[in-house]
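In this text, residue positions in the sequence shown follow our numbering: the first is 1, and each later residue adds one.
These are calculated hints, taken from the structure and not from any lab test.
Don't take each hint at face value.
[Unchecked claim] With a cut-off of at most 20 Å between alpha-carbon atoms, the simulated DMTMM-like pairs for lysine to aspartate or glutamate come out as follows: (1) K164 <-> E314; (2) K339 <-> E166; (3) K88 <-> E77.
[As the list claims (entries may be wrong)] Derived Cβ-Cβ restraints for the label pairs, each shown as a range: (4) F187 <-> W232: 17 to 27 Å; (5) K5 <-> R276: 47 to 57 Å; (6) W232 <-> R61: 36 to 46 Å; (7) I267 <-> I330: 32 to 42 Å; (8) Y56 <-> I267: 50 to 60 Å; (9) F76 <-> A259: 54 to 64 Å.
In this text, a Cβ means the ideal position worked out from N, Cα and C, and glycines have one as well.
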Amino acid sequence: MSQIKALSIEEALTHAGSYVWIDVRSESEFARAHIPGAVNLPLLNDDARAAVGTTYKHEGREAAVQLGLRLIGPHFETYYQSLLAIGKSSNKKILLYCWRGGLRSQIASTLVQWSGNPVCMIQGGYRSFRNWVFSTLETPRKYLIISGHTGTGKTEVLHRLMEKGECVLDLEGLANHKGSALGGLGFPPQPKNEHFENLIATTLREFGTNQPIFVENESRMIGQCAVPMALWIGMQSAPSIELVVDVETRIQRLLKEYAHFPLENLIEQTQKLRKRLGGQHEQAAIDALNQGDFKRWVEILLVYYDKSYTHFLEKHQIQSEKLSWDWNQIDSALLSLIKVSKHGIEK
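Based on the sequences and whatever the hints tell you, model everything.
What follows is the structure, given as structure tokens:
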């Protein structure tokens with residue numbers, strides 16, 4: 001029987017498409033954060049892992065291993081079949097990892113090996129991946145900031161740039177949040193911050209370090225997700241292009257984006273802005289919602305959002321090159337943006 005091959009995280013990522021990645025950690029470990037694209041097949045569930053950990057602490061490694069094997073034993077056949085089923089359905093080689101490339105991934109790898117199917121494990125496990133994430137986030141890159149007032153359509157611009165083959169880091173898409181009080185509407189739950197970092201790092205891996213990367217101007221917090229400090233610092237020193245869109249177009253875009261949500265959700269989110277809007281303006285916004293006057297509601301909120309945007313630019317001393325943006329001439333507008341961005345890098 002051949003020895004189980006241990007891949008470095010760099011080797012595994014280089015040939016990522018050749019493998020189905022199986023995370024054998026417990027369900028809560030996986031839920032907190034994991035290698036993007038991996039599937040979870042816990043060798044020990046949360047309760048069993050807690051019991052083994054307690055035994056290790058009070059009785060030592062040998063007793064903990066014995067307990068672990070006793071807990072796993074009745075499920076060996078089912079687990080074996082599940083591993084092979086995942087490999088067969090993906091038509092790929094199996095790549096396993098646990099926290100640090102220890103006993104859990106070794107046991108799971110041995111089970112696959114018994115079947116005669118090829119199997120690899122990640123040397124150093126998930127911990128080695130996290131070290132790679134930290135290193136990737138620290139690597140200097142050429143960011144290009146897309147800024148503009150609320151309703152400009154910055155996210156759509158990023159998506160359009162992506163379609164044209166440009167390098168784009170969509171932080172709001174990765175965070176499942178648009179960064180504002182209304183930002184969580186229509187999104188699934190946000191990832192934990194650790195997994196948000198994992199998603200950013202694996203996205204950046206697709207780009208060369210010398211390629212310009214478009215990213216939207218963001219606050220440090222996007223909902224409950226924090227932009228990693230190294231990335232945040234890189235964004236603050238990057239050239240910025242401000243898209244200038246007339247107010248009426250912004251209002252209509254925001255109406256299209258939010259007016260279809262249930263009234264109670266819009267009221268609830270508006271109430272969260274009470275301290276920033278002031279009680280009088282908050283009540284006026286809610287009254288507008290109750291009367292079905294969504295345009296008036298948007299107009300009231302834009303007063304706050306526009307002030308916040310100006311304050312953000314002044315606080316961080318952001319100097320932007322302004323670019324008039326016409327959504328009716330999207331192709332020419334995108335070409336202008338790409339041209340301006342490349343000119344900005346060369347300066």
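Here's how the hints hold up against the structure:
Pair hint K164 plus E314 does not hold up; C-alpha atoms about 32 Å apart against a cutoff of 20 Å. With a C-alpha separation of about 12 Å, the suggested pair K339 and E166 falls inside the 20 Å cut-off, and the hint holds. Among the hinted pairs, K88 with E77 is consistent with the structure: their alpha-carbon atoms are about 16 Å apart, no more than 20 Å. Separated by about 22 Å at the C-beta atoms, F187 and W232 satisfy the suggested range of 17 to 27 Å.
At about 56 Å, the beta-carbon gap between K5 and R276 stays in the expected band of 47 to 57 Å. Under the hint 36 to 46 Å, the C-beta atoms of W232 and R61, about 41 Å apart, fit the expected range. About 34 Å separates the C-beta atoms of I267 and I330, a value consistent with the hinted range of 32 to 42 Å. About 51 Å separates the C-beta atoms of Y56 and I267, a value consistent with the hinted range of 50 to 60 Å.
In this structure the supplied range 54 to 64 Å holds for F76 paired with A259, their Cβ-Cβ distance being about 55 Å.
Of the numbered hints given earlier, the model fails hint 1 alone.
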